[in-house]
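Participant: Read off the chains here:
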Amino acid sequence: MKDWRYWLAEQRGTLLAFGIFIVMFTIYTSNHPAGFTANVVQTASNKGVLLAFVAMAQTLVVITAGIDLSVGMIFLLTNCLASWLVIGTGIETALGVVAVLGTGLLCGAINGAIVIYGRLQPIVTTIATGAVYFGIALLLRPFPGGSVNEDLADAMTGRLFGVVPASLVVLLAVVLVVWVPFSRSVLGRAAYAAGSSEMAAYMSGVPIRRGKFAAYALAGLLAAIGGLFLTFFTYTGEAAYASGNAYTLFSIAAVVLGGVSLFGGKGSAIGAIFGALAFRTIGDLLFVFDFDPLWQPLFQGVILLIAVSLGAFALFRVRNRLEWFL
Amino acid sequence: MDGAVPIFRMEGISKRYGGVRALEKAELSVTSGSIHAILGENGAGKSTLIKVMAGVVAPDEGRMMLDGSEVTFASPAAANQAGIVCIFQELSLVPELSVADNIVISDPPTRFGMIDRKAQRRIAEEALARAGAADIHPLALVKDLPLSRRQMVEIAKALARRPRILILDEATSALTAADVAKIFGVLKRLRSEGLALLYISHRMNEIAELADQCTVFRNGRNVASYAAGSKSDNEVVELMIGREYSHIFPPKPMRAPATAAPVLEARKLSWTDRLDNISLTVGAGEVVGLGGLDGQGQRELLLAFFGVLRGLSGQILIDGKPVAIASPAKARGDRIGMALIPEDRKTEGLMLPMTVRENLSFAALDRLSKAGIIDRAAEQRLIDDMVALLAIKTAGLDIPVGALSGGNQQKVVIAKWLMRQPRIILLNDPTRGIDVGTKQELYQLMRKLADQGAAILFYSTDYDELIGCCDRVLVLYDGAVKRELVGAEITERALIASALNIHGKEMPVSQGADA
Amino acid sequence: MSETTIGGIAGRMPKFIRRADPAVLTAFACIVLLLFVGSLYSRSFLSPEYLLQQLKVASFLGVIATGMMLVILLGQIDLSVPWSVAAGAMMACAAAAYGPVGVALAIPFGIFCGVAIGVVNGIGVAYLRIPSMIITLATNAVAQGLMVVYTGGFSPQDSATRAMRYLATGFAIPGVPNAVVIWALIGAAMVFVLTRTGFGRTVYGIGNRERAAYLSGIDTRRVVLIAFAVSGGLSAFGGVLLAGYASKAAQSMGDAYLLPSIAAVVLGGTSILGGRGSYLGTVAGVILITLLQSILSVMQMPEAGRQIIYGVVIVAMLLLYGRAPASR
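One line per chain: the protein sequences are A, B and C, in this order.
Heads up: the first sequence at position 179 corresponds to 179 in the numbering used here, and the numbers run straight through without jumps.
Heads up: the second sequence at position 4 corresponds to 4 in the numbering used here, and the numbers run straight through without jumps.
Heads up: the third sequence at position 80 corresponds to 80 in the numbering used here, and the numbers run straight through without jumps.
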């Protein structure tokens, strides 16, 4: 009888993000000149899905109580790589996709290896590897350019049955193929356990290192899927530093909005997806209300600031001040 | 079931930590289908014994026999594999995961590589039912459960591993009376199922109700084994007494402590479920001890005085006037003049990589500075004074304090506070893990400071220290003052008996102590 | 450079160098190495003019890295450097547009804006206990948003005041650029604060073990707040100098200073976990980074190569010095 209430409590963050998204999206479409049409939904989903993939990537690392400041750069790097490789015949394109995803996986694995086995702080490590990944992206595409298999790109960014945005379907597929198995695997649980209490996890004989490593590596993979999609939308590759940084930043905002705890151990990538979609919609709200687009960065920054400050309320429950310093 | 043949034996187990011997040729046999209680005062070697059994600590010598063949455990997992499962005092649950997740955490059931949630749920429900905690929902998050429920989950988690030998180390300390009754039912059933149970508890009534066999530890050795019920409480206390001591204590002043004006006073101090209505006074020139078993709220009481705890109810008075102490910064200020020698010198008292000099003057920087700039000459003078006063042995003032011996590190912690000339000194088990010579110096120092007018509140896990150093001792149990011992009343027998909360006729509770 | 050779050299050196941090020695050794490599590439690399020019370029980074070091010594990090720099530069230039009073207040106002950003960071870290990397990223985004709104998304048209240009490019002492003098002054002040004041001791104490510092009766939160405010102020001052150097502010002028400032501090032997490090090391790190940049640009290494080399050098150096102790 009470099962559903526990489920509800566990999914509260996700549901809240879902609620915010629905409200924001309703406001958005009802004020959009074109209204709630397949076209509007398609455009919105194509924009939102990019951030959703990067936010999923960030979620995996944040669950382990780490942070990945290189996700935006992996996203750029794989975008630039895809603009070289994902082209040609079906077989060539398929191999290109595999290579791009493999590169993302490798980038994530390098981050994980340095953090876990090199015992460096996640933040400095990923800033530094982010620079390397950006450098490689810049090597690949000193100037915006390249091309992509347009049939594939159009299929991925178009609509299924004339109604459903294909990008959403792919997002759903990635959730089912990557996130669900991971979160329900022994390694996924190890990642959660390590993020929540590394000591208790160790005492219980949980494979902490392997769990964390898998989380970092899969984060790279998810960022690469995002990079691939960016290529499908733009048909080109571009190593834009500001864009990479923005995606990293927004991924953190999306994760927080999605109810994922920055202290680790709690949250779901699905929440982060809705966080990402909600964040994007909030940003776009300014357009439908005819605000100057110049206000968008400030607006997004303030949302981020509020989102990260929300977690501080837990502080008032601390009764022993020494717990501040754990 | 033949309960006579031991399934597990420990022979000649010894373990040393540095110069301190924790176990000295200890022996223990465990039989199936019985509950074996282990008794002993603080530091008698009980915890080390079970850590060895559970594979957490490797013994220096001796051997362990399981089913007649010798075994060694490289890790807790190896001990679990062999069927020995321990429920430790420190909880090993992951707070953000559900009860069911936690119960199966070391070996979750899988299906097609994914965790089988249905099977997991089944295992969890079964284990919870076995532990008598079927009221706990398997989907609840551990962090949302109160401490007593968590302890039940911990027990269920241990049972899910299908142990042959189950060790409970103070497993009932956080439980309510109703839970304890339930757990006892469970433990008795497990005994009838043929498990061997090792039960470590300070609660004599629990042991009397539960145990078949008792073993008393003292000084790292098993000194007596007897069938439960064959000895009176007083005989048991007698067995626990008799630690070897070689401390020399300074003479206590012969005046009546009650005449001292109270400098520090607490009135009905309570905090969460850890401190329960504590009232006490400490006068100038008085050394007041805090006794009792470890973890009965002594540490929290000292932190409460020092301004670390929030949500305190009751009153703290300094010189008879109520004060609100909101932070250590306020506590050390001139109005209050308090100092706390914290529990863990390595993480709370010192910055180990910093130099001896920097550590010594750290708490007194405000007094040594003019306009924020440190007066290095004054700093040097005061440091020289302190090094001389406490006879701190160091190769220099500019080496990391972490390079000093434990005793000298503790001297640095004390010296750093003496530089402020505090009026009220709180000490949290300051002699733990330091050598005998340094201990004696600290006893002398404590008395000297008291003679100079300081009010000293001194928590120690070593009963002998309380006897030798204190004018009065307050014995805490479950966060409340259970007994006050004054002057000649402070004996080892009285300390142990009141720490175990035995209310014998020959040990009347002195008036006013039991709030 | 292997550690054994450094050990061998150090053994024959005077005591004060022997006692120095091996990381600082390595950084200085790398500087010598870079100068050597550079001189092979071009004769003019060792000329006084070129070296002075490098020192001048380094001083902008030096000022910014000084604030970053203070924060890193606490075991925190300040990722709001990019837009603290830009905000300082833009606001100083903007103030200059408001008549003579504005011109006079341009520099203090620019610094004030950086301090304001730093105060928000400090409140978030010290009082709300938000992880510093998160709150500083957020304030960075807000600062960026404010600047975009203010400038309309274009490079601001206001130009730097004469005083700003003088500070960045002038010569009060013949032969020594003012920027270098400013860095020297700020550096000297920082050394004084870190070694001679109670505040400096407290910073190291908190970085080593905030718990112990708190139990020693230190108001650790206030110290953290001040450190972030100083870091924000110094970043903004760096921006003011950069604006004076280029005569005007630019949108993304701060982006190029985040990674180098962290790298300079960490390569100079300051532990990213806090509590350990000397300003001398940061000086070495700043010069090292500047020379590295200079050589890469002399070699016409594209931006891509520079980024890669940065990242690899930082990770490699950290793996040598900055690893957390093996747990268990």
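To be clear, the hints were calculated from the coordinates, so they are not data collected in a lab.
In this text the structure is predicted, and so the values were computed from the model without any measurement.
Incorrect hints may have been included.
In the BS3-like style, the derived pairs of lysine-lysine whose C-alpha atoms are separated by at most 27 Å in a straight line are [said to hold, decoys possible]:
| no. | chain 1 | residue 1 | chain 2 | residue 2 |
| --- | --- | --- | --- | --- |
| 1 | B | 393 | B | 448 |
| 2 | B | 346 | A | 2 |
| 3 | A | 2 | B | 182 |
| 4 | B | 448 | B | 252 |
| 5 | B | 321 | B | 268 |
| 6 | B | 25 | B | 231 |
| 7 | B | 118 | A | 2 |
| 8 | B | 346 | B | 182 |
| 9 | B | 448 | B | 330 |
Which bits of chain B does chain A cover? Going by a derived footprint, with three or more residues having C-beta under 8 Å, they are [to be verified]:
| no. | segment |
| --- | --- |
| 10 | 62 to 72 |
| 11 | 93 to 99 |
| 12 | 104 to 110 |
| 13 | 113 to 125 |
| 14 | 135 to 143 |
Restraint ranges, calculated between C-beta atoms of paired labels, are given here [stated by the list, open to error]:
| no. | chain 1 | residue 1 | chain 2 | residue 2 | range |
| --- | --- | --- | --- | --- | --- |
| 15 | C | 44 | A | 322 | 42 to 50 Å |
| 16 | B | 396 | C | 297 | 41 to 49 Å |
| 17 | A | 322 | B | 111 | 55 to 63 Å |
| 18 | C | 297 | A | 295 | 52 to 60 Å |
| 19 | C | 162 | B | 399 | 49 to 57 Å |
| 20 | B | 448 | A | 119 | 45 to 53 Å |
| 21 | A | 181 | C | 53 | 56 to 64 Å |
From the three backbone atoms N, C-alpha and C, an ideal C-beta is built for every residue, glycine too.
Participant: A separate judgement is required for each hint: does it hold in the structure or not?
Facilitator: Here is how each hint holds up against the structure:
A distance of roughly 20 Å separates the Cα atoms of residue 393 of chain B and residue 448 of chain B; the hinted pair therefore holds under the 27 Å criterion. Of the supplied pair hints, the one linking residue 346 of chain B and residue 2 of chain A is violated, its CA atoms being roughly 47 Å apart against a limit of 27 Å. Proximity of residue 2 of chain A to residue 182 of chain B is assessed by CA-CA distance (about 24 Å); at most 27 Å being required, the pair is judged to hold. Distance check on the hinted pair: residue 448 of chain B and residue 252 of chain B sit about 10 Å apart at the alpha-carbon level, within 27 Å; holds.
Restraint check for residue 321 of chain B and residue 268 of chain B: satisfied, since their Cα atoms lie roughly 15 Å apart, inside the 27 Å limit. At roughly 25 Å between alpha-carbon atoms, residue 25 of chain B and residue 231 of chain B fall within 27 Å of each other, so this suggested pair holds. Between residue 118 of chain B and residue 2 of chain A the CA atoms are separated by roughly 16 Å; this keeps the pair inside 27 Å, and the hint holds. Restraint check for residue 346 of chain B and residue 182 of chain B: not satisfied, since their Cα atoms lie roughly 40 Å apart, outside the 27 Å limit.
For the hint pairing residue 448 of chain B with residue 330 of chain B, the CA-to-CA distance comes to about 26 Å; that is within 27 Å, so the pair holds. Counting residues of the segment 62 to 72 of chain B whose CB lies closer than 8 Å to any CB of chain A gives 0, so the stated coverage by that chain is violated, three being the minimum. Evaluation of the coverage hint for the segment 93 to 99 of chain B: fulfilled, as 6 residues show C-beta separations to chain A shorter than 8 Å, against a requirement of three. Given as covered by chain A, the segment 104 to 110 of chain B passes the check, having 4 residues with a CB less than 8 Å from a CB of that chain where 3 are the minimum.
As drawn, the segment 113 to 125 of chain B meets chain A at 4 residues by the rule of a beta-carbon pair under 8 Å; at three or more, the given contact holds. Note: the segment 135 to 143 of chain B has 4 residues with beta-carbon separation from chain A under 8 Å; the three-residue rule is met and the coverage holds. The supplied range of 42 to 50 Å is broken by residue 44 of chain C and residue 322 of chain A, whose beta-carbon atoms lie about 59 Å from each other. For the hinted restraint 41 to 49 Å between residue 396 of chain B and residue 297 of chain C, the CB-CB distance of approximately 47 Å keeps it satisfied.
Restraint check, residue 322 of chain A to residue 111 of chain B: a C-beta distance of roughly 44 Å breaks the suggested window 55 to 63 Å. Distance hint for residue 297 of chain C and residue 295 of chain A: a CB-CB separation of about 37 Å, inconsistent with the stated range 52 to 60 Å. A hinted range of 49 to 57 Å holds for the C-beta pair residue 162 of chain C and residue 399 of chain B, which are about 52 Å apart. For the pair residue 448 of chain B and residue 119 of chain A, the supplied restraint of 45 to 53 Å holds, since their beta-carbon distance comes to about 46 Å.
The hint said 56 to 64 Å for the Cβ distance between residue 181 of chain A and residue 53 of chain C, and at roughly 57 Å that hint holds.
In summary, the numbered hints that this structure violates are 2, 8, 10, 15, 17 and 18.
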